[in-house]
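Novice: Can you make the complete structure from the sequences, with help from the hints?
For the sequence shown, position 53 matches number 52 in numbering that gives the first Met the number 0, and the numbering has no gaps at all.
Accuracy of the hints is not assured; some may be wrong.
Computed Cβ-Cβ distance ranges for the label pairs, DEER-style [stated by the list, open to error]:
hint: 1; residue 1: D84; residue 2: Q115; range: 33 to 41 Å
hint: 2; residue 1: N61; residue 2: P121; range: 38 to 46 Å
hint: 3; residue 1: E140; residue 2: N61; range: 37 to 45 Å
hint: 4; residue 1: Y83; residue 2: E39; range: 17 to 25 Å
hint: 5; residue 1: R130; residue 2: I66; range: 24 to 32 Å
hint: 6; residue 1: T54; residue 2: I98; range: 17 to 25 Å
hint: 7; residue 1: K38; residue 2: A150; range: 16 to 24 Å
hint: 8; residue 1: T82; residue 2: K141; range: 21 to 29 Å
hint: 9; residue 1: K141; residue 2: R63; range: 30 to 38 Å
Calculated cross-link-like contacts (lysine to any residue; reagent style SDA-like; alpha-carbon spacing at most 25 Å) [to be verified]:
hint: 10; residue 1: K111; residue 2: I98
hint: 11; residue 1: K111; residue 2: E15
hint: 12; residue 1: K38; residue 2: R130
hint: 13; residue 1: K17; residue 2: E140
hint: 14; residue 1: K48; residue 2: A105
hint: 15; residue 1: K17; residue 2: Q115
hint: 16; residue 1: K141; residue 2: S129
hint: 17; residue 1: K17; residue 2: V37
hint: 18; residue 1: K17; residue 2: D108
hint: 19; residue 1: K48; residue 2: A81
hint: 20; residue 1: K38; residue 2: N61
hint: 21; residue 1: K48; residue 2: G79
hint: 22; residue 1: K38; residue 2: D65
hint: 23; residue 1: K38; residue 2: D84
hint: 24; residue 1: K38; residue 2: A150
hint: 25; residue 1: K38; residue 2: A81
hint: 26; residue 1: K48; residue 2: G153
hint: 27; residue 1: K38; residue 2: G58
hint: 28; residue 1: K17; residue 2: I34
hint: 29; residue 1: K111; residue 2: E18
hint: 30; residue 1: K141; residue 2: A105
hint: 31; residue 1: K38; residue 2: A114
hint: 32; residue 1: K17; residue 2: M35
hint: 33; residue 1: K17; residue 2: S113
hint: 34; residue 1: K17; residue 2: E28
hint: 35; residue 1: K111; residue 2: I40
I should point out that these hints are in silico values taken from the structure, not numbers from a laboratory.
For clarity, every value in this text was computed on a predicted model and none was experimentally measured.
Note that beta-carbon positions come from the ideal geometry of N, C-alpha and C, so glycine has one too.
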Amino acid sequence: MINNDTQKADQSGKIEEKEEFLSFVLGDENYALDIMSVKEIRGYESVTKIANAPTFVKGVLNLRGDIVPIVDLRMKFNIGQATYDEFTIVIMLNVNDRIVGVVVDAVSDVVKLSAQEILPPPEFGVSFDSRFLRGLATVDEKMVILVNIAALIGSDELGLIDLNITAGQE
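Specialist: Right under this line is the structure:
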């Protein structure tokens with residue numbers, strides 16, 4: 000069971016910092032990402048398709064003047080059939096000063112984890128590209144896959160953010 004306190008003294012009396020993660024569901028699996036990257040959570044709305052975009056990039060939408068690419072994580076990670084209805088959720092993320100929306104099945108909860116509660120990603124056995132894994136944790140007796148969302152959004156295959164370009168330069 001995860002303690003909901005942000006700080007807790009460990010056995011040696013040192014203060015143990017806990018990070019907050021937004022947990023979400025894709026298919027039958029539980030995932031989480033750093034809550035500090037979450038801008039907002041909203042329902043799915045129709046998008047403008049982009050020609051020659053990978054199938055997991057659903058398109059773009061205008062979010063209060065920002066053109067936001069929408070990535071379906073179910074399709075990106077090959078997790079079940081993607082359906083879009085009134086229950087489909089889009090998590091708007093702010094990653095390296097760029098807003099990106101990710102489509103998920105459901106948002107679960109905010110969980111707090113210490114560094115000791117986060118296990119390193121496995122070398123094999125997960126159908127998830129380990130480059131995008133931050134680690135694994137057990138929350139309420141369920142395994143949660145922690146996604147490194149900055150690595151995913153900045154990856155060559157998505158190409159949504161160039162991590163090598165400093166802000167303000169093209």
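Novice: Which constraints among the numbered hints does this structure fail? Numbers only, ascending.
Specialist: Failing hints: none at all.
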